[in-house]
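If you want the building blocks of each chain, they are given just below.
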Amino acid sequence: MAEYSVVGKPVERTDGRIKATGAAKYAADLIAPGMLYGKLLRSPLAHAKILNIDTRKAKALKGVKAIVTGKDFPGIPYGTRPDTRDQLPMPVTKVHHFGEGVVAVAAVDEDRAEEALDLIKVDYEELPVILTAEDAMAPGAPLVNELSKSNIAYFSDFLFGDIEKGFKEADYIREETFSSQRVTVGFIEPHACLAEVDPTGRVLLQGSKQSPYITWRHMCRALDIPVSKMRIVNPFVGGGFSGKHDPFDIDFATVKLAQMTGRPVKTVLNYDEVLAAYRQRNAMNAKLKMGLKKNGQITALRTECVLEGGPIAGIGPFNIYYFGAFQNVPYKIPAIEYHGKLTYSNRAPCGTVRGQEIVLAQYCLDSMLSIVAEDLGVDQVDIRYMNAVTSNWHAANGLIIDVSGLPECIEKCGKRIGWKESRTSRPKGRGIGYSCASHPSGVRLGGHFGSSVMLKLLEDGNVVVTHGGTEIGQGSNTIFCQMTAEVLGIPFESVIQGVSDSDTTIFDSGMFGDRCTYWNGNATIAAAKDLKRQLAEIAGAELKVNPEELEFKNSMIFHKERADVKMDFLTAVRRAYYEKGSPLYGRGYWAATDIDIVDWKTGRGNLAHGLDFIATGVMVDVDRETGRVTLIKGISADDAGQPIHPVMLDGQVNGGSAHMTGHALLEDCLYDEKGRVLNHTWRDYKQPTALDTPEYIVEHVHTHDPYGPFGAKGAGEASSCSSLAAIANGIYDAVGVRIKDLPITPEKILAALKKKEGK
Amino acid sequence: MFIRRLPKFEHHAPASVAGALGLLKKYGNKARVFAGGTDLLLAMKKRALTPEHLINVKNIKALKGISYNDKKGLKIGALVTCAELEESPLIKEKAPALWDAVCVMASPQVRTLATIGGNLCSAVPSADTAPPLIAMGAQAVLSGPKGERTVLVEKLFKGPAESKVARNEILTHIQIPKQPERSCAAYLKLMRRAAMDLALVGVAAYVCLDKDNRTCKEVRIALGAVAPTPIRAPMAEQTLAGNEITEALAEQAGKVAGTVCSPITDLRASLGYRCDMVEVLTKRAVIEACSRVKNSTKR
Amino acid sequence: MRKVEITLRVNGEEYDLEIEPHRTLVEVLRETLGFTGTKKSCNEGECGACTVIMDGKPVASCLVLALDAHGKEILTIEGLAQGENLHPLQVAFVRQGGIQCGFCTPGMIMSAKALLEKNPKPTAMDVRKAISGNLCRCTGYQQIVDAVITAAQEIAK
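Chains as they are written, first to last, in numbering that gives the first Met the number 0: chain A, 0 to 758; chain B, 0 to 298; chain C, 0 to 156.
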């Protein structure tokens, strides 16, 4: 394995000091001279015609400067895919979910803006609400989305391998159903943005955005302005987890209010608004049928999945696709049949959450595996080891797994959590749950999926990195600085992270799906090599050697065979600036063009490089009298290729594990029969605290991915994917009851225990 | 529908109980007593309450402090915060059940603000300080236009979020009688989350054992979050009184307690689960209280 | 509404202010004084993002009326470092992965600071209890707990 000077080292993260001192400015912290404050009036109903909006009294209130409704926008729909453009900036004819922003106000201060909301009168005519996938697909069901002809927003049907043969060869077949609730995304920073419009009409939007490129494109389309008329600059972002990709009513309204008033407008949501009306994870109902040999080897899998996703398709098509496509890993399954549907509903719009719908797919798959392992009398760890994907594996859907450390992950995790020992003795009520997962390092979802990095070499020898990925906490800024320093042979401290700004940052499709390290990382290497080539030419000319024979290390440029033929890195920089008057820029882009763009019809193809793997073991205690679950310990052994920053990698793994603890046990977005959200405050919506999460330990299995930057793979989302089943399996191991509808509440456990004990 | 900034109000900060009572008389229903504020300010942000006048009692020294007197027992000023109770060695020693309660309330940054008086006056069914105070036979001392009156904490509540403290009265302090020898109380709280959560069920049990250290001489069981107000469970107490407390008997008392509560099904738990949990927690609280007595007499 | 005059002592500096009674401490810190390090998210005392230290104790500054902070010592995240020297808690949070998106960080560090003031040698469970009112979605808390314990050891040296 290669020895690196900066890569793989726990350097100080570039934003660490800034965040630790409170100096980091998030969108809500921004101030512009003459700024107004925006507020949104939200729908109290989940589905209703908008008959009339009377804003006269509000307009007359002193200090109110502008009021916006859906009618103020050009009426151009936008959406994730060309065939799913089903969203408008704000509602025009009807509201689609509780809390949807209907009217926005800009006033001189926040109190005044809030006061104005009380003076606005909206007349609605209630419509029947669609709350579940079943409601949505019922014959004669009212249409949720007026821009779509059906309540089915998207569907995926795939067939990989010979399914009939697979089931024929099986010694044992079992069918099970699983379901999962609506959960919120759960970042701590509520949505916020500041919009300014200059006298030429150019818009500057600074918002809490995870994938500014997506926001930028959608907004310009729906506002009917060319992309050059809008500039997006990202301040610090307080977490994303896929909840901040696309533009929301708040972004559109704030820009429109700024356009109308000619003054900067800032809108900051309170968190209860986020919980009520913004992105959640799809509710899921799935049915799995698995065939196996007596020894536990899987021969076939048939899966049906229905996702209920709120009134927009959003990135739902990707979710329903992911659910099916990623049944092909982390286990070797020769034949898979998949039927997936995404339906509309009048609940809050869904995006996705950390780990995307692989989280749900893996929950079903690994729960199923535990069930059948017990039926067949095969050890839980053995059945996973036996079926685990290995290196150079060609999955049934055409996915090629170059390097898999999964078998080693399974072994390491089992040892560390004491699986074998626990089989002979463990305290009453204690159990260990096991699960694996795999996540791609960024799927190639479309032709515009690419990543770019720009390096600017300053005359003092320091480099500024700008990239189109976004720092949302995961540490991308730091690792791209590490990679740049590694390639250029300069200290980490000589590389500075620049802001994410659509004027200077180049194109990037976004920050999601474990793609950032991998795609932007490769782009960073390309950019650094571009810069290196330019410096080598300067140094080569002066040193009279072939530039290609020069190496960069310890801030020196030297001949790879004759160490005395050398030049200071800084000298080469100065030659460029002071003698040639030439600035130095490195430009790099990367897209996995050697693999296939997702085939939405068949789901087939080699769609992603760098599958990262994880094996998770969770130790739980269950109180048989109260049904309460206490997590004791969580072990994850992960294969993220070459770790770029081991401490941040741990953080990604731990974060995903804890996040899904909430999904498994605590969190649930509740709606009443009219679609009104019942628990949209953090008092009633239970995200896990430090006392709800166990001690976490991460073990790394180092592998080297042939296509990844320095051999790295993506990381962070796999632990989300393995955690739900691990917890469910652990509870079963502890008290012998299996709850197949998430969340696993104490009440459900207790009821199941009573039933089992015949009470 | 959504949380907002605070509505406007007039602020008053009297320096004495008399001053506060005067303001209450003057502004009547337009005024609210403002102590820790953790319930009141939130209700105002939600516009559930919009008092025109807040009577901030935090400057009134008479409402502060914890003291112990061998005759009268513990006196806790209404303004004493949950954090002060948590950090008080006196509370931990003399009223461990109350200490149990304050340690699992809300979060540290809310406990710094929330007061015991506020917790009682807000009168939510899940108020954590109520069951231990009821179990210990504590009294609330109220000041009003006609002078002081004393009410058992057990009798302080009228309904959900409604106490018997009149609008022209203020709660000045809590008096916990000196606890007899060989007695102790314990409070157990069941939450959905392990912290920052309201009680699904809260049970406090007080037991006083006979000289044999086994027979139950006196017992009080108080339940929280399972009825419109915190309640006693007299039938469950009768199961235990005069008998030797064994695990089986404690379990039986739990079963009886489960039948006297009248919880609701809400977002947090169902009626059935709450009743079941009253059984479990009552049993455990009784056993814990007994074992505390036994441990203390061993010393 | 009648405004009130108050003196706030924030991070050792005195500020004479005239404020409306309904201003919360978090609003005055962020909007009037520009201490935006203190974050606001839920505005109901359920997330811990707005935690500051008032007279040595952690408080949810969204549930404190600014006028009640009159004359009290307020410490915010901005007052922790001495010039360029970070507080050991800040150093440990940075080094050990206690920070990701950073939005919960100021409140989290203030809760940890309040803990170390009264308990200089906390166990992992002590730390978890002390930060149980601070929600974090990024880290899974483990590295925050580790960082607080490291900082405590560093301070004890």
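Note that these hints are calculated values from the structure, not bench results.
Just so you know, not all the hints are guaranteed correct.
Claimed, not checked - Facing chain A, from chain B, some residues (calculated, C-beta under 10 Å):
| hint | residue |
| --- | --- |
| 1 | PHE1 |
| 2 | PRO6 |
| 3 | HIS10 |
| 4 | LYS44 |
| 5 | LEU48 |
| 6 | ARG192 |
| 7 | GLY271 |
| 8 | LYS282 |
| 9 | ARG283 |
| 10 | ILE286 |
Stated by the list, open to error - Simulated coverage check for chain B against chain A, where a stretch passes if three residues somewhere in it have a Cβ under 8 Å from a Cβ of chain A:
| hint | segment |
| --- | --- |
| 11 | 193–205 |
| 12 | 261–270 |
What the hints assert, rightly or not - In silico DSBU-like pairs for lysine-lysine, Cα to Cα no more than 30 Å straight-line:
| hint | chain 1 | residue 1 | chain 2 | residue 2 |
| --- | --- | --- | --- | --- |
| 13 | C | LYS156 | B | LYS63 |
| 14 | B | LYS254 | A | LYS758 |
| 15 | A | LYS24 | B | LYS145 |
| 16 | C | LYS117 | B | LYS91 |
| 17 | A | LYS228 | A | LYS543 |
| 18 | B | LYS63 | C | LYS71 |
| 19 | B | LYS254 | A | LYS755 |
| 20 | A | LYS331 | A | LYS286 |
| 21 | A | LYS61 | B | LYS145 |
| 22 | B | LYS70 | B | LYS254 |
| 23 | B | LYS154 | B | LYS25 |
| 24 | A | LYS24 | A | LYS70 |
| 25 | A | LYS164 | A | LYS286 |
| 26 | A | LYS455 | A | LYS632 |
| 27 | A | LYS673 | A | LYS286 |
| 28 | B | LYS91 | B | LYS63 |
| 29 | A | LYS455 | A | LYS543 |
| 30 | A | LYS61 | B | LYS45 |
| 31 | B | LYS145 | B | LYS157 |
| 32 | A | LYS632 | C | LYS117 |
| 33 | C | LYS120 | B | LYS57 |
| 34 | C | LYS56 | A | LYS24 |
| 35 | A | LYS632 | C | LYS120 |
| 36 | B | LYS254 | B | LYS154 |
| 37 | B | LYS25 | C | LYS2 |
| 38 | A | LYS8 | C | LYS156 |
| 39 | A | LYS286 | A | LYS579 |
| 40 | A | LYS753 | B | LYS254 |
On a predicted model such as this, the values are computed, not experimentally measured, just so you know.
Virtual Cβ for every residue (Gly too), placed ideally from N, Cα, C.
Practice item. Take a quick look at whether B:LYS254 and A:LYS758 sit within 30 Å of each other, Cα to Cα. Key: 15 Å, holds
Point to revise | Distance restraint between B:LYS154 and B:LYS25, which requires alpha-carbon spacing of 30 Å or less | key: 27 Å, holds
Check your understanding: Has the given pair, A:LYS632 with C:LYS120, been kept, meaning a C-alpha gap of at most 30 Å?
Key -> 23 Å, holds
Review point. With 10 Å as the cut and Cβ atoms as the points, is B:PHE1 at the interface with chain A?
Key: 5 Å, holds
Review point. Do three or more residues from the segment 261–270 of chain B put their C-beta atoms closer than 8 Å to C-beta atoms of chain A?
Key: With 4 residues closer than 8 Å to chain A, the segment 261–270 of chain B meets the three-residue bar; holds.
Practice item. Quickly compare the C-alpha distance for A:LYS164 and A:LYS286 to 30 Å and report which way the hint goes. Key: 20 Å, holds
Exercise for review: Decide if the proposed pair is consistent with the structure: A:LYS228 and A:LYS543, CA atoms, cutoff 30 Å inclusive.
Suggested key: Not OK: A:LYS228 and A:LYS543 at ~48 Å, beyond 30 Å, violated.
Practice item. For the pair supplied as a hint, A:LYS61 and B:LYS45, confirm whether the alpha-carbon distance does not exceed 30 Å. Key: Cα-Cα ~24 Å, so holds.
Point to revise | Hint consistency between A:LYS455 and A:LYS543 [alpha-carbon to alpha-carbon, up to 30 Å] | key: 26 Å, holds
Practice item. Quickly compare the C-alpha distance for B:LYS63 and C:LYS71 to 30 Å and report which way the hint goes. Key: Roughly 17 Å separates the two Cα atoms, so the pair holds.
Exercise for review: Quickly compare the C-alpha distance for B:LYS91 and B:LYS63 to 30 Å and report which way the hint goes.
Suggested key: 18 Å, holds
Practice item. Would you check whether B:LEU48 satisfies its interface hint, that is, whether its CB is within less than 10 Å of any CB in chain A? Key: Nearest chain A Cβ about 16 Å off; hint violated.
Violation of the numbered hints given earlier is confined to hints 3, 5, 10, 13, 15, 17, 21, 22, 24, 26, 33, 39; the remaining hints are satisfied by the structure.
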